[in-house]
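*Asks:* Residues per chain are reported as follows:
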Amino acid sequence: MVAQQVNEVASPQPGRTGSGRARKGSKSKEQTGIAYLFLSPWIAGAVLLTIGPMVASLYLSFTDYNLFTAPEWVGLDNYIRLFTQDDRFMSSVGVTFQYVFLSAPLKLAAALGVALLLNRPRKGQGFYRSAFYAPSLLGASVGIALVWRSLFTDDGAVDSLLSSVGINTGGWINQPDYAMYVIVILAVWQFGAPMVIFLAGLKQIPQDLYDAAAVDGASTWKTFTSVTLPMLSPVIFFNLVMEIIQSFQSFTGAFVVSNGQGGPADSTLFYTLYLYQRGFQDFQMGYASAMAWLLLLTIALFTGLVFKTSGRWVFYAGEDK
Amino acid sequence: MGAQRRSPLQRGRSVLALAMVAGLVTACGGAGGGDADGQVELRFTWWGSDDRAEITEEAIALFEERNPNITVNTSYAAFSGYFERLATEVAGNNAPDVIQMDYAYLREYGDRGVLADLHEFDEDQLGTEGITPLLARSGEIDGRMYALPMAQNTHAWAYDEQAWTESGVPLPEAGWTWEDLLSSSQALTESTDGERYGTTDFGWSWETFQVWLRQQDKDLYTDAGEIDFDREDLTTYLELLEEFRTTEAATPANITSEIDGAVENSPLARGSAFADFTWDSTAVSFSSVLPDGVGLAPMPRIEGSDRVGQFAKPGMLISIAANSEHPEESAALVDFLLNDVDAGLILGTSRGMPVNNDVREAVGAELEGPDQLVYDYEEALADELEEPPSAPPPGNSALKREWQRLNSVIGFGQLSIDDAVDQFLERAEQEL
Numbered sequence: 006m007v008a009q010q011v012n013e014v015a016s017p018q019p020g021r022t023g024s025g026r027a028r029k030g031s032k033s034k035e036q037t038g039i040a041y042l043f044l045s046p047w048i049a050g051a052v053l054l055t056i057g058p059m060v061a062s063l064y065l066s067f068t069d070y071n072l073f074t075a076p077e078w079v080g081l082d083n084y085i086r087l088f089t090q091d092d093r094f095m096s097s098v099g100v101t102f103q104y105v106f107l108s109a110p111l112k113l114a115a116a117l118g119v120a121l122l123l124n125r126p127r128k129g130q131g132f133y134r135s136a137f138y139a140p141s142l143l144g145a146s147v148g149i150a151l152v153w154r155s156l157f158t159d160d161g162a163v164d165s166l167l168s169s170v171g172i173n174t175g176g177w178i179n180q181p182d183y184a185m186y187v188i189v190i191l192a193v194w195q196f197g198a199p200m201v202i203f204l205a206g207l208k209q210i211p212q213d214l215y216d217a218a219a220v221d222g223a224s225t226w227k228t229f230t231s232v233t234l235p236m237l238s239p240v241i242f243f244n245l246v247m248e249i250i251q252s253f254q255s256f257t258g259a260f261v262v263s264n265g266q267g268g269p270a271d272s273t274l275f276y277t278l279y280l281y282q283r284g285f286q287d288f289q290m291g292y293a294s295a296m297a298w299l300l301l302l303t304i305a306l307f308t309g310l311v312f313k314t315s316g317r318w319v320f321y322a323g324e325d326k
Numbered sequence: 533m534g535a536q537r538r539s540p541l542q543r544g545r546s547v548l549a550l551a552m553v554a555g556l557v558t559a560c561g562g563a564g565g566g567d568a569d570g571q572v573e574l575r576f577t578w579w580g581s582d583d584r585a586e587i588t589e590e591a592i593a594l595f596e597e598r599n600p601n602i603t604v605n606t607s608y609a610a611f612s613g614y615f616e617r618l619a620t621e622v623a624g625n626n627a628p629d630v631i632q633m634d635y636a637y638l639r640e641y642g643d644r645g646v647l648a649d650l651h652e653f654d655e656d657q658l659g660t661e662g663i664t665p666l667l668a669r670s671g672e673i674d675g676r677m678y679a680l681p682m683a684q685n686t687h688a689w690a691y692d693e694q695a696w697t698e699s700g701v702p703l704p705e706a707g708w709t710w711e712d713l714l715s716s717s718q719a720l721t722e723s724t725d726g727e728r729y730g731t732t733d734f735g736w737s738w739e740t741f742q743v744w745l746r747q748q749d750k751d752l753y754t755d756a757g758e759i760d761f762d763r764e765d766l767t768t769y770l771e772l773l774e775e776f777r778t779t780e781a782a783t784p785a786n787i788t789s790e791i792d793g794a795v796e797n798s799p800l801a802r803g804s805a806f807a808d809f810t811w812d813s814t815a816v817s818f819s820s821v822l823p824d825g826v827g828l829a830p831m832p833r834i835e836g837s838d839r840v841g842q843f844a845k846p847g848m849l850i851s852i853a854a855n856s857e858h859p860e861e862s863a864a865l866v867d868f869l870l871n872d873v874d875a876g877l878i879l880g881t882s883r884g885m886p887v888n889n890d891v892r893e894a895v896g897a898e899l900e901g902p903d904q905l906v907y908d909y910e911e912a913l914a915d916e917l918e919e920p921p922s923a924p925p926p927g928n929s930a931l932k933r934e935w936q937r938l939n940s941v942i943g944f945g946q947l948s949i950d951d952a953v954d955q956f957l958e959r960a961e962q963e964l
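Protein sequence lines correspond, in order, to chains Z and H. So the number in the numbering used here is just where the residue sits in the first sequence, counting from 1, plus 5. So the number in the numbering used here is just where the residue sits in the second sequence, counting from 1, plus 532.
If you're looking for bench data, these hints aren't it; they were derived computationally from the structure.
Quick look at which bits of chain H chain Z covers, simulated, 3 or more residues with Cβ under 8 Å:
| no. | stretch |
| --- | --- |
| 1 | 611-625 |
| 2 | 636-650 |
| 3 | 790-800 |
| 4 | 921-930 |
| 5 | 936-942 |
Stretch-level coverage of chain Z by chain H, calculated; a stretch enters the list once three of its residues show a Cβ under 8 Å from a Cβ in chain H:
| no. | stretch |
| --- | --- |
| 6 | 72-78 |
| 7 | 286-298 |
All residues carry an ideal CB built from backbone N, CA and C; glycine is no exception.
Input sequences plus hints: build the corresponding full structure.
*Replies:* Next up, the structure:
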């Protein structure tokens, strides 16, 4: 906007005088006001529902707060307790990392794989795309998690099916060695959102590059690694960041599949689940707030790491490299 | 909000957000409101299933008919989630007037000034004289009456009567011991070649441990809120549980970990065990999933102990919010729900045995089927039932979860009993 005004000063247009400039200035002020007016619902929401509670929770994380009586300042006590006295906190951190490192890459791989298949023109394309996107619409619901639970229980559909071919695990969700995978599969199955973004990214890759590769006699694999992947890397980068953030915050699957317990034997005690137990079942809201802030910092750290390494593997078209 | 279904995350987020906003803005107005013509609105919240909702609404309708100036707005939820919601409502200064309360949370709310002291009401406003003496003081903490019991429950061992009889193993009877439970469970498992286990591993149940302790004149907690047992008790009990598992008398860890509190998902209902620990009023639900009928046995005893260890448990309690704008009308509603025979006949045993003696007799005369079974079970035990221990201290919910976790971890062979005992005692020290 400043640049625009400077331009106008430098080259006054015919029919415009100095007073015109002043009019323009007041008009833009007016427009700014209108812009804020239109933004106000969002601003009100952000301040009241996001920033306000965030500031409150930062404060609460330094207090002992049981929801009913006034918070009591305890300094860094909650944070110290988390790291020195709480084994379950540590195990929930372990469980969450395990989940993030399993589900984020697997989900992206599934999304990319299906996007590649759906990218080829074929009959009924629209139908397939909707069909593969459907789980993402349903997936986060409690209903689906309940279905998942009954599929993978002892004598559930999956267990019976596998038993009939001689693989007898005695259930999945009820065993500490397998329960995590059920929740990972549930997450991977909801690959719709990243898939749609991948599809859009694939459409952006210029056909000439593929034609050139074909002329050079590149194999399908070579074309994929040398053309598709580099050209898609900004989209992969975006999806990776989104998935990491989402997986750290994952809650519903673990909550429903383990019935809010994080069992069996704490194998699905996600960080958010433990946070919820602490806050809403044990009434230790200060402690839970401290956990929430550590989660925020961890997510920021990992997102930062991905950004930091992105210079090495993300390729933007038009960039000189 | 009512029975709307939303994902727990959504709910968690939005209630948190709401609570925060309410906290920031404060003064979100009290509960209900009255207008000029003397019309009063009360809010009453409880947990329970749909069938309980139906009869509760029916009873409320009768109350409104008799008190035309009072309108009762009700809301109910499943037990899981109920207290999370209540906590945020209370934190947001928006507590319902009349609240169905659980024994485990009574101290949590009572000690923090959320609940009214019911001693402040006259007997003709809120009658307590008819309430069974066993439970009359169960809602009292440090001289303040924070709640009145709505129903009486006690511990029981529920079993699949038909299957147990067919196996040829003698049925459990009053005075049986933990050794009897072990040997008959082993025999039951054997009779099915390990297809079905004698009993559900009762290590998930914090309450069973309590009964076992009480049989030795101890308890989970002292009145001061410390644990009332030592390393040795803990070790002995965990070894007893381990013996049930290693001899296949009880369900293995993978089956036990399917327990989620819903009757239909319990190993007893799913046909993987012959028996399970339960609250006697749950027998009604078991009988709907076990077509051949359910039997109830009292808790096994310690050989030579003369205490059954069981107590009359307030199945649910009912409280009035301390900051209710209509305490008198709230008291009238509570009085009606507890002491009115007509209300009692509508409510039946949905929450357990009625606590008012007149109501109990009236209801008892009309019972049949599984309700009758529960009634008879409690009548038979009436002389031995003890008064409930005082409400558990804050920290109980975390400790109970730790107990269930350790049982699962031991069951899967990931932790020795010695280490589990260490971890438990350490956790107890932190939480209490």
